[in-house]
Amino acid sequence: MQWVAAPALESLHGAVLRPHWKNNSYIKIMETMASLRESLEAAITELTILINNEDAGEQEFQSWFERHPAAWEVLGFRRFFPHPALNLPGQTPMILDFLAERPDGLWEIVELKRPDTAVLKNPERRTTFYSDMTSYISQCREYSLRCSDSVVISDLLNSRGIRMNGWPHSIIIAGRSSGLDRVKVHELLRHLTPKITHYTYDDILDALNQHYAIKSEDAAEPGLNLFFNIGLGAKTSDAEEFIFDLGGAKNKGRISVVRRSDDVITFIVVDDDGLRFSQDIKLSRHCDKDAFAFGLRTVKTADSSWILLEINGSYVGQHEVAGNSFTLEYDTPFTLAADMNGAHAAEMFAGALLYVRKSVSIVERSFTREYMFEDLWPRDDSKRTTRVRFHSGRFMYSMGHPILDPGQPPSNDMVQRNSDLRPSLVNWVSSSAEYTESEEARIGRINSSVRR
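First residue of the sequence shown: 1, per my numbering; consecutive thereafter.
The set of hints was computed from the structure by calculation and includes no laboratory data. Keep in mind that a hint or two might mislead.
With beta-carbon atoms standing in for the labels, derived distance ranges [as the list claims (entries may be wrong)]:
id, residue 1, residue 2, range
1, 166, 280, 39 to 49 Å
2, 134, 160, 25 to 35 Å
3, 358, 121, 34 to 44 Å
4, 56, 88, 48 to 58 Å
5, 58, 323, 25 to 35 Å
6, 132, 280, 49 to 59 Å
7, 121, 93, 26 to 36 Å
8, 359, 413, 16 to 26 Å
9, 322, 186, 33 to 43 Å
10, 121, 370, 37 to 47 Å
No more than 20 Å apart at the CA atoms, straight line, and that leaves these computed lysine to aspartate or glutamate pairs for DMTMM-like [unchecked claim]:
id, residue 1, residue 2
11, 282, 347
12, 113, 38
13, 184, 155
14, 113, 55
15, 121, 187
16, 195, 142
17, 184, 116
18, 121, 132
19, 235, 202
20, 282, 238
21, 113, 203
22, 113, 149
23, 282, 303
24, 113, 66
25, 235, 280
26, 195, 104
Even for Gly, the Cβ is constructed at its ideal location relative to N, Cα and C.
Whole structure, please, built from the sequences with the hints as guidance.
Following this line, the structure appears as structure tokens:
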């Protein structure tokens with residue numbers, strides 16, 4: 001991979017190094033990983049909510065498995081078919097939940113039951129399956145027998161392109177793991193032919209979480225999470241404008257988003273060694289620039305650091321710093337609507353702001369996004385929402401910023417101690433991006449919604 005200087009940004013960050021997009025394999029890899037990260041996060045969040053919803057029916061779990069191929073990947077399958085019919089002349093068709101193909105080309109039956117399915121009874125004496133579970137096992141054996149009929153094998157090949165093997169194994173997904181003696185379940189199933197395997201919904205969720213950690217390089221170490229809602233008007237000059245600037249040094253440990261044109265922003269990362277990465281992002285591909293939700297997250301693993309940028313809940317930029325040569329201090333300073341020196345101010349408004357240094361789970365991130373979306377697009381379209389308007393060089397910075405607020409105790413709260421540079425408070429309607437001044441006094445401080 002070649003690296004070239006980007007002169008257009010040299011005045012702001014020094015000689016910015018970026019991948020040479022004529023050979024754009026790096027960005028393609030990052031985009032693929034971002035897509036995988038999003039799909040896994042959605043799968044984990046949805047399943048977590050479903051298995052804790054007592055009213056969720058089997059059809060909702062069927063739909064979840066159909067929407068999330070990652071579930072099949074963690075189970076070791078390469079493709080699946082929902083609701084295949086096993087047809088024999090003169091007999092009632094048997095409708096399976098799924099047929100799934102293993103990497104070796106053999107097929108297995110997958111049957112879904114509810115998370116509240118009771119599996120074992122009399123665990124302290126002679127342990128057996130509950131009657132419902134016993135009936136599910138018998139059902140799978142009947143399905144396997146019919147799958148072995150030559151008429152069914154021919155029909156599946158002609159109608160679905162499935163080259164069915166006789167006596168397929170089965171998987172039953174039912175119940176929860178808590179309090180379940182997995183050894184006794186195994187003992188009761190191990191003599192059955194064809195083979196039947198039992199998984200709980202917690203098993204699926206645990207496998208997805210492990211898959212996420214491996215595929216996305218995520219980790220449980222504390223990271224930085226910054227969410228805020230903004231809107232951008234028409235750009236009136238060629239000058240670059242900083243939407244935000246994170247870090248206290250120009251040439252290391254810095255993350256910035258710069259608006260370069262009306263529709264293009266640049267995501268910039270400077271690691272501890274001074275190596276700079278930048279990625280141009282076209283806003284119109286991801287959002288309406290009049291109103292959208294920004295998210296920034298840093299994650300540190302044993303081998304590297306990841307910096308991830310999202311718009312409206314979708315990852316649009318990410319960069320891996322190998323060898324962990326990227327550090328953000330606990331009280332990392334940042335500026336909003338200007339760079340770390342208070343220059344290159346942006347014309348924009350800001351809504352809800354969440355800034356926290358802790359590990360945030362996948363489900364917590366999902367709920368945070370919902371909170372931000374509700375602030376950005378209230379369910380009541382007529383509801384006016386308060387925003388902070390940055391214009392005419394006005395900006396804000398975190399308390400204790402080493403350049404702009406030296407000597408003050410560091411805090412997540414945003415301030416502007418110069419009354420001439422304080423932004424205005426406005427009422428804003430998200431559906432039309434119209435706003436009106438709601439008060440003459442300018443805003444000198446905004447308390448962070450998340451405390452350390």
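Checklist entry - Of the hints given before, which are not true for this structure? => result 1, 4, 5, 12, 13, 19, 22 and 23
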